[in-house]
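Please arrange chains B, C and D on chain A, whose structure you already have, making use of the hints.
Protein chains in written order, with numbering that gives the first Met the number 0: chain A, 0 to 202; chain B, 0 to 202; chain C, 0 to 202; chain D, 0 to 202.
What the hints contain is simulated information worked out from the structure, not anything from laboratory work.
Treat the numbers as computed from the prediction; the structure is a model and nothing was measured.
For each residue, glycine too, the CB sits at the ideal point set by N, CA and C.
There could be a bad hint or two in this list.
What the hints assert, rightly or not - Sample of chain D residues with no beta-carbon within 12 Å of chain C, all distances over it, derived:
no. : residue
1   : ASP62
2   : ASP114
3   : PHE189
Claimed, not checked - Here are the simulated lysine-lysine pairs, DSS-like style, with alpha carbons at most 30 Å apart:
no. : chain 1 : residue 1 : chain 2 : residue 2
4   : A       : LYS202    : C       : LYS202
5   : B       : LYS202    : D       : LYS51
6   : B       : LYS200    : D       : LYS119
7   : B       : LYS200    : A       : LYS119
8   : B       : LYS202    : C       : LYS200
9   : A       : LYS119    : A       : LYS202
10  : C       : LYS63     : D       : LYS119
11  : C       : LYS104    : D       : LYS51
12  : A       : LYS104    : D       : LYS119
13  : D       : LYS119    : B       : LYS104
14  : A       : LYS104    : B       : LYS119
15  : B       : LYS119    : A       : LYS202
Protein chains: 4
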Amino acid sequence: MSDDFTQRATELVEAGRFLYQRGMVPATSGNFSAKLDDGTLAVTVSGRHKGKLAVADIMRVNDKGESLDGRRPSAETLLHVQIYSRTNARSVLHPHSVNATLLSKLTTGHLVLQDYELLKAFPGVDTHECRVTVPIFNNDQNIGRLADQVDTYMTVQPEPVFGYLINGHGFYTWGENIESALRHVEAFEFLFECEMRIRGKSK
Amino acid sequence: MSDDFTQRATELVEAGRFLYQRGMVPATSGNFSAKLDDGTLAVTVSGRHKGKLAVADIMRVNDKGESLDGRRPSAETLLHVQIYSRTNARSVLHPHSVNATLLSKLTTGHLVLQDYELLKAFPGVDTHECRVTVPIFNNDQNIGRLADQVDTYMTVQPEPVFGYLINGHGFYTWGENIESALRHVEAFEFLFECEMRIRGKSK
Amino acid sequence: MSDDFTQRATELVEAGRFLYQRGMVPATSGNFSAKLDDGTLAVTVSGRHKGKLAVADIMRVNDKGESLDGRRPSAETLLHVQIYSRTNARSVLHPHSVNATLLSKLTTGHLVLQDYELLKAFPGVDTHECRVTVPIFNNDQNIGRLADQVDTYMTVQPEPVFGYLINGHGFYTWGENIESALRHVEAFEFLFECEMRIRGKSK
Amino acid sequence: MSDDFTQRATELVEAGRFLYQRGMVPATSGNFSAKLDDGTLAVTVSGRHKGKLAVADIMRVNDKGESLDGRRPSAETLLHVQIYSRTNARSVLHPHSVNATLLSKLTTGHLVLQDYELLKAFPGVDTHECRVTVPIFNNDQNIGRLADQVDTYMTVQPEPVFGYLINGHGFYTWGENIESALRHVEAFEFLFECEMRIRGKSK
Numbered sequence: 000m001s002d003d004f005t006q007r008a009t010e011l012v013e014a015g016r017f018l019y020q021r022g023m024v025p026a027t028s029g030n031f032s033a034k035l036d037d038g039t040l041a042v043t044v045s046g047r048h049k050g051k052l053a054v055a056d057i058m059r060v061n062d063k064g065e066s067l068d069g070r071r072p073s074a075e076t077l078l079h080v081q082i083y084s085r086t087n088a089r090s091v092l093h094p095h096s097v098n099a100t101l102l103s104k105l106t107t108g109h110l111v112l113q114d115y116e117l118l119k120a121f122p123g124v125d126t127h128e129c130r131v132t133v134p135i136f137n138n139d140q141n142i143g144r145l146a147d148q149v150d151t152y153m154t155v156q157p158e159p160v161f162g163y164l165i166n167g168h169g170f171y172t173w174g175e176n177i178e179s180a181l182r183h184v185e186a187f188e189f190l191f192e193c194e195m196r197i198r199g200k201s202k
Numbered sequence: 000m001s002d003d004f005t006q007r008a009t010e011l012v013e014a015g016r017f018l019y020q021r022g023m024v025p026a027t028s029g030n031f032s033a034k035l036d037d038g039t040l041a042v043t044v045s046g047r048h049k050g051k052l053a054v055a056d057i058m059r060v061n062d063k064g065e066s067l068d069g070r071r072p073s074a075e076t077l078l079h080v081q082i083y084s085r086t087n088a089r090s091v092l093h094p095h096s097v098n099a100t101l102l103s104k105l106t107t108g109h110l111v112l113q114d115y116e117l118l119k120a121f122p123g124v125d126t127h128e129c130r131v132t133v134p135i136f137n138n139d140q141n142i143g144r145l146a147d148q149v150d151t152y153m154t155v156q157p158e159p160v161f162g163y164l165i166n167g168h169g170f171y172t173w174g175e176n177i178e179s180a181l182r183h184v185e186a187f188e189f190l191f192e193c194e195m196r197i198r199g200k201s202k
Numbered sequence: 000m001s002d003d004f005t006q007r008a009t010e011l012v013e014a015g016r017f018l019y020q021r022g023m024v025p026a027t028s029g030n031f032s033a034k035l036d037d038g039t040l041a042v043t044v045s046g047r048h049k050g051k052l053a054v055a056d057i058m059r060v061n062d063k064g065e066s067l068d069g070r071r072p073s074a075e076t077l078l079h080v081q082i083y084s085r086t087n088a089r090s091v092l093h094p095h096s097v098n099a100t101l102l103s104k105l106t107t108g109h110l111v112l113q114d115y116e117l118l119k120a121f122p123g124v125d126t127h128e129c130r131v132t133v134p135i136f137n138n139d140q141n142i143g144r145l146a147d148q149v150d151t152y153m154t155v156q157p158e159p160v161f162g163y164l165i166n167g168h169g170f171y172t173w174g175e176n177i178e179s180a181l182r183h184v185e186a187f188e189f190l191f192e193c194e195m196r197i198r199g200k201s202k
Numbered sequence: 000m001s002d003d004f005t006q007r008a009t010e011l012v013e014a015g016r017f018l019y020q021r022g023m024v025p026a027t028s029g030n031f032s033a034k035l036d037d038g039t040l041a042v043t044v045s046g047r048h049k050g051k052l053a054v055a056d057i058m059r060v061n062d063k064g065e066s067l068d069g070r071r072p073s074a075e076t077l078l079h080v081q082i083y084s085r086t087n088a089r090s091v092l093h094p095h096s097v098n099a100t101l102l103s104k105l106t107t108g109h110l111v112l113q114d115y116e117l118l119k120a121f122p123g124v125d126t127h128e129c130r131v132t133v134p135i136f137n138n139d140q141n142i143g144r145l146a147d148q149v150d151t152y153m154t155v156q157p158e159p160v161f162g163y164l165i166n167g168h169g170f171y172t173w174g175e176n177i178e179s180a181l182r183h184v185e186a187f188e189f190l191f192e193c194e195m196r197i198r199g200k201s202k
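Bound-form chain A, shown alone (with noise of 0.2 Å):
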């Protein structure tokens, strides 16, 4: 193996034992992924528990999310693989949220978060006073079919994309490394239970 693909899956595995402690990614739920230099992709190998990974538990697979190892990868690579076609992401995070999974069903088609000081968590974001748009996908078996229409909103969108919902499934976000990812998952995190509390509480 190549010390590009240790450092990343060692990183992994990290970053997989810090979401399990949070609750965010229970019963072998959730995914992640980092783009190694020669634009192949660490991933993690199918239902492996989140919070116990080893290194052996990530897997190489190409530019398609094809395995380049002949285990089987997370069944929803192919998401990960339409992030990185689309963006500048080096690390793909998918946590299993009690609260991203809630929002994803109390709100149709997208959710807009504004106000709030830790939206300048996000890269290019210097104010309190913008509007991040989340969008909310159908949640689909078909992983393909998905990725197309996410791809379809990322082409048609105007404004940059930090993230996503799928309707009772948690959410996906990334970033120009782990680290970065990671900060993503926080502030995403941390404004949906603002979002999820704050309902029905009246001023």
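For chains B, C and D alone, coordinates are given in the frame of chain A:
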């Protein structure tokens, strides 16, 4: 003690520590068991602190739930026995979480879980587009009578049962080994939290 | 110092660390005590960080709550003294949780807990089909006067009392040793969380 | 570096780890400072992960908030400077919790806290029967202008101020040392959680 017993008992001790840290077995509540190769059961001794179990706090009962060493097993051992008699479970876990307790008090008859990706954590479920029914039984200090009610439900019910609630009294779930049973605990707890928190929130 | 004092003090230090980690004694709030074999009390010194106690932060008072070493005990020591005078308690714990604080503000007079299996955590309760009444006293900076109110209640009340709330001020519970008192803290905290979260939710 | 700087910086690093573990400084949000014996300030460098600070992530600024080592301090350093100029604080902490963020969005003008025993955590408060007013300022990316608003409030307001909220942006509090400031963070966070969770609940 057989190696089989010691290994299962060690896993139950670890499961207890894990579930206690998550707040799912407070104040000595809850109980756990595993089926051994000879058909007898390893089960928690009555009244122990579930976050501080030692192997000595796990005892053996026969397939009718009768003590094999003179000590008193958890009061609800007959519920474990019933589950082993009707399913291919090798481990049964009974956590006592706030979410499960509240849902059981707010819901009459049964809970229906649907449109959650996490339903795929249960064996044989391969799409979010299914309905998982969780029956809710009335609490009863006569455990034999309660076990009979569960048994009747499982006999009559055509679809697979992955777990059940008892009113004001937590939930039961199981799996082909302790790891699988824990995965089902995580999945149910996530789904119960979703169902509790979404109540009273409007789209 | 006697062995008895050192052992009880060590247990109170550990109880403090546990309760602090659970968020139940924030900002130096709360206080703890244990009865020693000679009838004197080991009690927390006033104003200490309850998650970072050392044995040196535990002092002795006599059975009237008067300091035996010149230091100042927790301001609410007289409430501990009252409990020891009316019950067979050997330890009294006063956590200051959010759930207890909120319930005490939302409820007038007393709280009734029923139809919870976890009620069996309290001594002598062997079925969920009972009613446990938790009185709620008005907060008062005159602790002697507050202790008198509790004493009157315990004298008049025919049923066993397992704990009480003070308005805006957490709860008191006790047990035949520190381990039992902690079990009652866990049970009350679980039940208070249930009662708080079920409020406003409809069947 | 002076011993004084190293000691305060070490305490700020520890405070960061503590507040991060409690979810109060997600995604590099928040900032911390301490006043040194020579009147200069030790303050967090801009943009650092607050749960993984090292002493090298703490820098010095003068009493106007100007960098003394060429690095860029946290964007909100002028808010710290203002607090030191008007109070006897030796440490200022700015956590960014969900509870504080939500309350600031739901409340107009100021928040009144009363009938909580925990109010006694603030200096000079010796009874729950007092009113603590927490002003809420509009968020502003112009930190100098925001600091002026806070300064005007503190000049005009006759009663002691223990902390304030910024809309959608967490809270500021302070103390005569880092330990005291942390105690005030704990007290405010507890009270903010109470205020958030009691909203919409009826007696």
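So, going through the hints one by one against the coordinates:
Look at D/ASP62: its CB is around 29 Å from the nearest CB on chain C, clear of 12 Å, so calling it non-interface holds up. In this structure D/ASP114 is not separated from chain C by more than 12 Å, as the shortest Cβ-Cβ distance comes to only about 5 Å. Residue-level check failed: D/PHE189 sits 5 Å from the nearest beta carbon of chain C, not beyond 12 Å. Distance restraint check for A/LYS202 and C/LYS202: the Cα-Cα separation of roughly 26 Å lies within the 30 Å cut-off, and the hinted pair is therefore satisfied.
A threshold of 30 Å between alpha carbons decides the hint, and for B/LYS202 with D/LYS51 the separation of about 39 Å lies outside it, so the pair is violated. Restraint check: the Cα-Cα separation between B/LYS200 and D/LYS119 comes to about 36 Å, which exceeds 30 Å; the hinted pair is violated. For the hint pairing B/LYS200 with A/LYS119, the CA-to-CA distance comes to about 28 Å; that is within 30 Å, so the pair holds. Taking the CA atoms of B/LYS202 and C/LYS200, the gap is near 16 Å; set against the 30 Å cutoff, the hint holds.
Proximity of A/LYS119 to A/LYS202 is assessed by CA-CA distance (about 25 Å); at most 30 Å being required, the pair is judged to hold. Taken as a hint, the C/LYS63 and D/LYS119 pair is honoured in the structure, with Cα atoms around 25 Å apart against an allowance of 30 Å. The straight-line distance between the Cα atoms of C/LYS104 and D/LYS51 is roughly 39 Å, outside the 30 Å bound, and the hint therefore fails. Between the alpha carbons of A/LYS104 and D/LYS119 the distance comes to roughly 42 Å, so the proposed pair goes past 30 Å and is violated.
As the CA atoms of D/LYS119 and B/LYS104 are separated by approximately 38 Å, the hinted pair breaks the 30 Å bound. Note on A/LYS104 and B/LYS119: the hinted pairing holds, with a Cα-Cα distance of about 17 Å set against a maximum of 30 Å. Simply put, B/LYS119 and A/LYS202 have alpha-carbon atoms about 39 Å apart, too far for the 30 Å limit, and the pair is violated.
The structure is inconsistent with the numbered hints 2, 3, 5, 6, 11, 12, 13 and 15, although it conforms to all the rest.
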